[in-house]
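Participant: Residue numbers (the working numbering), protein chains in the order written: chain A, 1 to 215; chain B, 1 to 215.
Hints listed in this document are in silico derivations from the structure and should not be mistaken for laboratory results. There could be a bad hint or two in this list.
[Claimed, not checked] DEER-style ranges, computed between Cβ atoms:
(1) Glu67/A x Asp20/B: 35 to 43 Å
(2) Val55/B x Glu164/A: 21 to 29 Å
(3) Gly56/B x Gly203/A: 31 to 39 Å
(4) Gly157/A x Asp11/B: 49 to 57 Å
(5) Arg7/A x Gly33/B: 38 to 46 Å
(6) Glu149/B x Val55/A: 18 to 26 Å
(7) Ala184/A x Ala31/B: 41 to 49 Å
(8) Val58/A x Pro163/B: 28 to 36 Å
Heads up, the beta-carbon is just placed ideally off N, CA and C, and yes, glycines get one too.
Protein chains: 2
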Amino acid sequence: MRRLPERARYDRESVYAILDEGFVCHLGTCAGGEPRVLPTAYARVGDALYLHGAVGNVALAAAVQSEMVCVAVTLVDGLVLARSAFHHSINYRSVVVFGPAAEVIGQDEKNRALLAFVEHVVPGRTAATRPPNASEIRATRVIRVEIAEASAKVRAGGPKDDPEDLELDGIWAGELPFSWVPGAPVPDAALPGGMAVPGHIAGYRRPAGGRGRDN
Amino acid sequence: MRRLPERARYDRESVYAILDEGFVCHLGTCAGGEPRVLPTAYARVGDALYLHGAVGNVALAAAVQSEMVCVAVTLVDGLVLARSAFHHSINYRSVVVFGPAAEVIGQDEKNRALLAFVEHVVPGRTAATRPPNASEIRATRVIRVEIAEASAKVRAGGPKDDPEDLELDGIWAGELPFSWVPGAPVPDAALPGGMAVPGHIAGYRRPAGGRGRDN
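Isolated chain A, as found in the complex:
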């Protein structure tokens, strides 16, 4: 527990690197005093996060009626195996954002946000797809969450056992890192045969440059 303060980071670079590597967030809202958590995709554009859903989505409606929402993004990097049960841990990088949420009404911003969702998850993809039409834009609710406050937490490295536990015999301790690895692309059944997988899919890495998750 004494290590927790060391894990916190507040600089924009650390926070945005985590937001840019992830693409699924958990949106927290309060409705009638009861909490609600919605897993959903997001995109960061400047100092805001865009989230979207169907026009009837209850959690998004609650978000725009709230003064503040909370958005968390968590990347799990591995397991920390200590000699004591107590010092077992998880290596992770997470960001928690607090900010006001507003529905995006303007067609231009809404259209840009819809393309940003695709581009955030798969860089290079929007140039290779049919853009949203007017009825698709109407059918989607987009909300913008200002990144008013944000903090990152990062835990990395091996276990921090108590000194006396280092003498325990026969207990393996260390770290089990994870990688999140794209498998072989599965072509849609209706595709013409022999169509090449485009580079933005065949070479998909997270983050885009391929650093960090490649242990």
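With the hints as your guide, set chain B onto chain A.
Facilitator: Okay, now just chain B, sitting in the frame of chain A:
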């Protein structure tokens, strides 16, 4: 959007399979009307989830003061690449739990919960570690969230493009599955040389049987 209802599942088996495969949840609480989302580890035992943190943890304190909390667990399985930007999606399995939260006070239940956290993440691990001592148990706050209401959502498979988009030429469409793959275990620097990596680490798979995430 018309597909969303098909994604929902409410049977216990579907819900618990997802809860048992994941080990990081997002806890939603309301404090003074403002939402808070905390990423944290959990374990399922029967019809309850256990969460824990330092005694000073603000979100856990808010949870036990709330009538209801919300806990979400999300597993990301892949990307869905459609011909239209609109029909891009993410394959995922998620569970949202609502229930009352209470602090676990009894030493026996607390101790069992602390071991359950380790065992939930790494089956077989508790037998190979030093169990919690009295001061470690005191230093930890454990809360139990009853799984009073729960629903699962699952999206799987390829894109569902509009029929007229199937004729668009030159747009690759399909699915990019992900696997979450353990890397090589990294032994702690203080371990005696030549110590074998135990089977519960060397053979680590999620879920334990290795089904489902192994695409």
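Participant: Starting from the hint list further up, note which numbers the structure goes against and sort them upward.
Facilitator: Numbers 3, 4, 5, in rising order.
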